[in-house]
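Chemist: When you get a sec, could you build the whole thing from the sequences and use the hints?
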Amino acid sequence: MAWNTNLRWRLPVICLLLQVALVVLFGVFVRYDLDADPHWIEKKMSGNVSSDLDNEFYYRYPSFQDVHVMIFVGFGFLMTFLQRYGYSAVGFNFLLAAFGIQWALLMQGWFHSFDGRYILLGVENLINADFCVGSVCVAFGAVLGKVSPVQLLIMTLFQVTLFSVNEFILLSLLEVKDAGGSMTIHTFGAYFGLTVTWILYRPNLYQSKDRQSPGYHSDLFAMIGTLFLWMYWPSFNSAVSNHGDAQHRAAINTYCSLAACVLTAVALSSILHKKGKLDMVHIQNATLAGGVAVGTAAEMMLMPYGSLIVGFICGIISTLGFVYLTPFLESRLRIQDTCGIHNLHGIPGIIGGIVGAVTAASANTELYGQEGLAFAFGSSTPSWNASTQGKFQAAGLFVSLAMALVGGIIVGVILKLPFWGQAADENCFEDAIYWEMPKDQKSIVFRSEDPALKASEP
Amino acid sequence: MAWNTNLRWRLPVICLLLQVALVVLFGVFVRYDLDADPHWIEKKMSGNVSSDLDNEFYYRYPSFQDVHVMIFVGFGFLMTFLQRYGYSAVGFNFLLAAFGIQWALLMQGWFHSFDGRYILLGVENLINADFCVGSVCVAFGAVLGKVSPVQLLIMTLFQVTLFSVNEFILLSLLEVKDAGGSMTIHTFGAYFGLTVTWILYRPNLYQSKDRQSPGYHSDLFAMIGTLFLWMYWPSFNSAVSNHGDAQHRAAINTYCSLAACVLTAVALSSILHKKGKLDMVHIQNATLAGGVAVGTAAEMMLMPYGSLIVGFICGIISTLGFVYLTPFLESRLRIQDTCGIHNLHGIPGIIGGIVGAVTAASANTELYGQEGLAFAFGSSTPSWNASTQGKFQAAGLFVSLAMALVGGIIVGVILKLPFWGQAADENCFEDAIYWEMPKDQKSIVFRSEDPALKASEP
Amino acid sequence: MAWNTNLRWRLPVICLLLQVALVVLFGVFVRYDLDADPHWIEKKMSGNVSSDLDNEFYYRYPSFQDVHVMIFVGFGFLMTFLQRYGYSAVGFNFLLAAFGIQWALLMQGWFHSFDGRYILLGVENLINADFCVGSVCVAFGAVLGKVSPVQLLIMTLFQVTLFSVNEFILLSLLEVKDAGGSMTIHTFGAYFGLTVTWILYRPNLYQSKDRQSPGYHSDLFAMIGTLFLWMYWPSFNSAVSNHGDAQHRAAINTYCSLAACVLTAVALSSILHKKGKLDMVHIQNATLAGGVAVGTAAEMMLMPYGSLIVGFICGIISTLGFVYLTPFLESRLRIQDTCGIHNLHGIPGIIGGIVGAVTAASANTELYGQEGLAFAFGSSTPSWNASTQGKFQAAGLFVSLAMALVGGIIVGVILKLPFWGQAADENCFEDAIYWEMPKDQKSIVFRSEDPALKASEP
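Residue numbers (the numbering used here), protein chains in the order written: chain A, 256 to 713; chain B, 256 to 713; chain C, 256 to 713.
Be a bit skeptical, because a hint or two may be false.
A pair counts as met if it fits within one copy or between any two copies, since identical chains are not told apart.
Stated by the list, open to error - Distance condition first, Cα-Cα at most 20 Å in a straight line; then the derived PhoX-like pairs of lysine-lysine: (1) K401 x K464; (2) K401 x K671; (3) K694 x K464; (4) K694 x K529; (5) K530 x K694.
Think of the hints as simulated: they come from the structure by calculation, not from any bench.
Modeler: Below is the structure:
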């Protein structure tokens, strides 16, 4: 079959259509919330606010910017490790995230910030939109190199929608706590992406095996992504927690977990190599698993040593996953997981959900204080008790997994349709398919029948 | 004519002279403002300040650091796209910005923070100095690869001066609003730079055409610049707005505009390529136009959908500019615009000025509230009305353009003098002219008569 | 002698042992401080806190994140300049810093945050842990390319311990001011590292001379490190200063000093080259010396012009150091300083200590106000006077130097033991020793007898 990867009409049409729809929907539905509205000054003057600083902006904005960097530079550069797919990694991530945040502002807005007439935007909405897109970036990692930007936009459209429904079920119906998104972002994103890539299985992908390996400089570019994710993860997990001690504690726990994770990831990477050498893939990815796995419990009384234990375990499990599980998934289950998101987001996400459930279930007034417990869990409702909270947390994990699998199958089937501009198996992981290339990178022999590529051949 | 690019005495002498002058002027004129002075504690103890946090530092410092990153990493790396000019892009940007911020602290200080005896420095001055240098970085984009660092320092000296005068006219005399600098930074910077490069026209620049194209890895380095500019632009446009809702709103509007801009830039990039392929130049640059174009109106009641519309339009116009206007400017108007700043800062800057004028002209008490309008526009002065504000905004745009053109001609003529160490046409866009090169990059054949280069030839 | 660089058991065992020990010690000793504990809400409700924002988190967190970026991206990428040692530079820095911050939380905690039973963690501890590790990153610069990751972990274990003792002597016993760590971080770190590399002298290091030079793209990666260090240094020097004006002033002084330093570093780099060309090594390093040298005095009334003078001088001295002192140290004193840390941290650190002593000695109530002086120096104790403070500052500098030299000798001797997996002289500065390499970088001929490398030969 001759694949046609020429996107000349497909990509522009979908981009423009989506953006026009967004403009119209924003026009109808979106306004500023009071903290971003000039009428805020009246609230201030009426004495309800003690100082200019008591605007939500000053509580959340620094964290927002850190999260923003994680989505665009963190995820974008993390995926540049492929030697000939750097443009696409960082460029398509940019595209899908820019679309995704707008769509997420609407979807999450309808569920959480709708006053009956308008969605009211403030800085917390911007953070949540970035979070939502974070789960799309995770899923992108599974299909990296094998899908066209048109497919990515369609996937983003559906995934953001499903994410918002799932998040609403967890946070509003089950009243689950998940500030750092172990369940809503990582578990959901990872198993959604894995299901999609399972549906899109490419039996002849070995034909582009040489391009699937990293290059020396592309590995260094990827480390930019890794480090910005690693450094800013404390901001990620604390960004939408309650003001004060909860944000503070979430940052400390995440810092501890991530630090421990680095040591065990390095240890396992060395021990699993026959000459004790380190593998960049593990350093780039498994060192981050600790951040994923404290996502739910970071704002709770996990304790610093608890965070270290979580990081310790995840560094080991994640590295083992890269060495043993990823090849197994590909050969036996036909799941081709380009970036190994199952090891970085999938398993650690599930661990995070479990850790969160256990930590919530052991909450008590001794640890939190009477007032603290009420503030952290809304325990003042008579029906609340810690063990029920723990059970709902566990239920949230299962709901996320179910949504991911069902949603992934549906979206995977849609993306399997043959007219989205996807490349042939032998041309995967190749920027030249979708990008005008500079002269120093043009020398590639295409074995494809793709008419759009013919003229690019040397 | 034999060009001499040996800077051995010229560059050190100008650097040291400028720095000595700055030390002396700082000694005579510059002190700390009250919020950065130990006497602040007395103000605090007297009860005028409710908490330690009510120091200007905590309102502005996070935004300042984001802006700082945009100037040094954002602009610096954005210009590394040339395959053999990475050292100069990032290094000369570093040099001119480090000089420029000091000179801007003085120039802007005399105009805005002078208490009759001293310029009083606080964090807002640091932000404004970075802003001022931002306009020099914009102009640098037009002349990139064709000027020596000595010329850049001279250009910075003059441009910062002119910027400060123009800014004073706009902000203090015309009482124009321009928080994100669509007019003062982008329009002024772009047309100043374009005028300079027009005066410095090099008829034989085609001789270094091969070096004017990007390389694969240099394009990835440039994406670091693009993304940090894109991500931190909400901080840029909100950094010096009024406390509270204005900063909050400016960040939201900029976030929205930039997101929309990415989709339309991608759409146009694909549609304008005969095989629908994306061009890195557009992704690196046109995606940022939305940030430029909401610079003036970001803090106003532009509304989220208004921001999307601005971004939508600018992504299209900017990409069209790269494809059609830049070649036209070079071939017909003899304007050689290396980075295409006309498309990223010029046109979007003008659009931003117009959007700002229209948005200001439609301000009313319904949208802003009585108090809000007074706080945002100083509408409590009896003479104020929205339509006059709009007219002054428009006047500000014309003043900026006029200053840029006149200033650009004068500075261009000065820079045309033949003894500033500029390279011959055939040696442009080449690091080896001004940098000690590593072995892996030395293999270049110089066709020049430049005696300073002779020995570098292989 | 045949070196064995196979780390298969050595590296994993030490990583896991250290991490297990950390988990146990955290379990026994580490809890949250009140601002990160749910009981904080009770303090808030009791009226001791005026707003949610009066949590230490909001004063320090943005600065913390900037410092965090400096340690991991700043130092990590600064050291990627070597053409074949990028993985190790950024990867080993990641490893040692992740271990070091955990160990520093304990060591510094016992000295400064111990309530008799527990170490209480808050955001300030995280910053101080990063600071402590900063001094290890400095020392890493001296031994870069010549030590194994096992040696680095051992060095970190000892250096963090010694750092904490030295810091306790200075800050708690001598009551020295050193907010930006000119003495505790830079002087201590640099002379410790130089002493270690002196002990580890490798007479035949010229055999790997070709790999000790930079590559074009590796120099650009290094500029990422330089710029993030340069931009965020104002946050570094102000991160743990007193709330309010002290933080504000420290940021301004550092900004000024760094800007001046760039101009004089560029001037000297050009003047010292026979054709006036710039050297990337100077731009990458000497431009930062100004940040080191205002570390102690930044929060004091150094005045903006004083900061410029410090930066001015350090840019010159640091560049001269790279050109004349580094070769001298290697050839005459057998000190092989890979990154030239003596020029960036050693001399500027000593200058910083002296500047701090002089600035402290000239503190008076005219400059600071009665209250301000008490707040800044604790001058309300009857025994305090400025000149004594100055003398103690100077004493602190000597103590730091002494600790560095003695500690460096002891640790150097330990690291000289032949079984830590270090490489032979001819295999230094080479990633392939410790990393699984991508295909594009494999072509290296090992001249070593190292059995672990045999099979890697082409």
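Chemist: If a hint holds in the structure, say so; if it does not, say that too.
Modeler: Evaluation of the provided hints:
no., hint, result
1, K401 x K464, "within (12 Å within a copy, 35 Å between copies)"
2, K401 x K671, "within (11 Å within a copy, 50 Å between copies)"
3, K694 x K464, "between (23 Å within a copy, 13 Å between copies)"
4, K694 x K529, "between (39 Å within a copy, 18 Å between copies)"
5, K530 x K694, "between (38 Å within a copy, 17 Å between copies)"
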